[in-house]
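*Asks:* The whole structure should be built from the sequences, with the hints applied where relevant.
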Amino acid sequence: MTTATDKTTALTAPNQTVDVDGRTLAYRTFGTGPNLVLCIRLRGTMDSWDPLFLDQLAERFTVTVFDYSGLGYSTGDPSYGKTEMAKDVNDLVDALDLGRVIIGGWSLGGFAAMVFTALHPEKVSHVLAIGTMPPGLMVKPSEDLFFPTAMKPVYDAEDEYILFFEPNSTRSRALADAYLARIAERGEITDFATPAEVFNTSLIASADPTTPFPDPDGAYAQFFATTDIPVLALSGDHDLVFPVENWYAVNDTWPTLFVATWPDSGHGPQHQYPEMSADVIASFVTHTPAP
1029 MTTATDKTTA LTAPNQTVDV DGRTLAYRTF GTGPNLVLCI RLRGTMDSWD PLFLDQLAER
1089 FTVTVFDYSG LGYSTGDPSY GKTEMAKDVN DLVDALDLGR VIIGGWSLGG FAAMVFTALH
1149 PEKVSHVLAI GTMPPGLMVK PSEDLFFPTA MKPVYDAEDE YILFFEPNST RSRALADAYL
1209 ARIAERGEIT DFATPAEVFN TSLIASADPT TPFPDPDGAY AQFFATTDIP VLALSGDHDL
1269 VFPVENWYAV NDTWPTLFVA TWPDSGHGPQ HQYPEMSADV IASFVTHTPA P
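Residue 1090 in our numbering is what sits at position 62 of the sequence shown, and the numbering runs on without skipping anything.
It is possible that some hints are incorrect.
[As the list claims (entries may be wrong)] Taking lysine to aspartate or glutamate and the DMTMM-like style, the derived pairs with C-alpha atoms no more than 25 Å apart in a straight line are: (1) 1151 x 1112; (2) 1035 x 1307; (3) 1151 x 1122; (4) 1115 x 1256.
Derived by calculation from the structure, the hints in this document are not laboratory data.
*Replies:* Dropping the structure here:
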């Protein structure tokens, strides 16, 4: 019998692997309820998620986090190309026989989640787009401070404030410190286990000078303008890389889009307000039935 004291949590969930299509995908699964798969940000691994956010989700969902091919604990050829990341999602969902899932993604992981949804809508009940942007051109561009900071070899606390929180806010900085303390509880962190030349090469290969989320023929935008799959965009009010205004621009053309904006926060709203973010996600899934 499982008790509250021996329940698997984000910090205690073991690494597991599955071999699929010539590489090994590493993942962790814990919680109870409908299957929720989360795609991580640029340079992130399974260890980059706030354990409190994950544990709050795991009260309502069976949560699966994973590492993309060739990154973190996974093997294979690394790529930040959106279709390659979406293939990782699809292969993992099929290999674990998860059925229809709630798919979520943070930052670049949001691209993976949305492309996976557009390519395999029959496998998706809901979409969670966290600290990311819709496909296509930006109506409000990224701020210059973000990318030089994001590409530093190692992040210190000040970098974390800039990248994922609101550096000009005392409250946001305090909540960032609490998040960093929670992250440190796991011990071994694999964020930077991937050599810099690997993520730099894979990022450059997938880059587009016109927009972070290219959609040259408009196919992804058209999909979300016509789908009946519910979409929740969860953003901070001052996201340096993917301003929330880009979501407001499609609010009247995506018929199933809900936009939640956290005040005084940045690119990692779910880490600044983990409990509230998990509550909003749970309510969204409960009250927007899957098609």
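*Asks:* It remains to establish, for every hint, whether it holds in the given structure.
*Replies:* Now the hints, each set against the structure:
Taking the CA atoms of residue 1151 and residue 1112, the gap is near 17 Å; set against the 25 Å cutoff, the hint holds. With a C-alpha separation of about 20 Å, the suggested pairing of residue 1035 with residue 1307 holds against the 25 Å cut-off. As the CA atoms of residue 1151 and residue 1122 are separated by approximately 9 Å, the hinted pair is consistent with the 25 Å bound. Taking the CA atoms of residue 1115 and residue 1256, the gap is near 22 Å; set against the 25 Å cutoff, the hint holds.
Every hint from the earlier list agrees with this structure, and none is contradicted.
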